[in-house]
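Protein chains in written order, with the working numbering: chain X, 2 to 137; chain D, 2 to 137.
Check the hints yourself; a few may be wrong.
If several chains are the same, the list does not tell them apart, and a pair holds so long as it fits within one copy or across any two.
Straight-line alpha carbon distances no greater than 27 Å define the calculated BS3-like cross-link-like pairs of lysine-lysine that follow [as the list claims (entries may be wrong)]:
1. Lys91 to Lys79
2. Lys14 to Lys79
3. Lys91 to Lys119
4. Lys91 to Lys30
5. Lys91 to Lys14
Everything labelled a hint here was simulated from the structure, so no lab data went into it.
Number of protein chains: 2
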Amino acid sequence: MNTSENYGTIFPKGERAPADYFIGTVWIKNLVPADDTLNTVIANVVFEAGARNNWHTHAGGQILIATAGIGYYQEKGKPIRLMRAGDVVKILPGVLHWHGASRDSEFTHIAINPNIQKGVVEWLDRVSDEEYNSIL
Amino acid sequence: MNTSENYGTIFPKGERAPADYFIGTVWIKNLVPADDTLNTVIANVVFEAGARNNWHTHAGGQILIATAGIGYYQEKGKPIRLMRAGDVVKILPGVLHWHGASRDSEFTHIAINPNIQKGVVEWLDRVSDEEYNSIL
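Build the full structure now, drawing on both the sequences and the hints.
Here it is in structure tokens:
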């Protein structure tokens, strides 16, 4: 039986996310690879507690659907927002942001990148502990 | 606690789907409405056992992510495929198809429509009981 704790397991856990763009342990399962017909990349992402990605932008925008645990989402210059299962975040093209797990809970989301003919992702600076802990 | 039976409840149940395009009881919760920036519409759809949509096409294509229960998916001229939690179906632009619950189980999927600048959906004929029961 699935529970909220193992919902992420409706998908295989996938591969470790690259350390160049992520802090902590993050698992990525690609669900829809890039093509030039659907122009959409979709992945299931599991962040262990404390893990997060670097600051980054998407030229075609992104939609996050939180499915389990408690996560953080932040756009540059704004406070960190909590994300819980069922929350949906729309990220407009070019908006600088990061996302990840909260300090004490794993977090899983589906990440949907449409309009990839405009680009998928541009990675920037790491999210410092000071930035991450600004949730306080 | 969420279980596989109530996973769909991480989203509100939403509105009854229009009877013109659906047979049986179907609930649609719109997660991302149409816009001209993300060009993507996303909805969570809950089909009660036996319910299905009409034959239809998407000019921009569609991706289905099954999250709970057991469903059916069929493209014109091909056999019905079973869908279970974690299954992902990519539907290319213009491909005639339908989806819905299996006869004895509710079914929930997330429906992602990218490239809506090309169109969202064109509804066609109802799925007859003979077509629906061709899973036998």
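Status of each hint after checking the structure:
no.: 1; hint: Lys91 to Lys79; verdict: within (15 Å within a copy, 36 Å between copies)
no.: 2; hint: Lys14 to Lys79; verdict: neither (31 Å within a copy, 31 Å between copies)
no.: 3; hint: Lys91 to Lys119; verdict: both (17 Å within a copy, 21 Å between copies)
no.: 4; hint: Lys91 to Lys30; verdict: both (21 Å within a copy, 16 Å between copies)
no.: 5; hint: Lys91 to Lys14; verdict: both (24 Å within a copy, 20 Å between copies)
In the structure shown, a violation is registered for the earlier hint numbered 2 alone.
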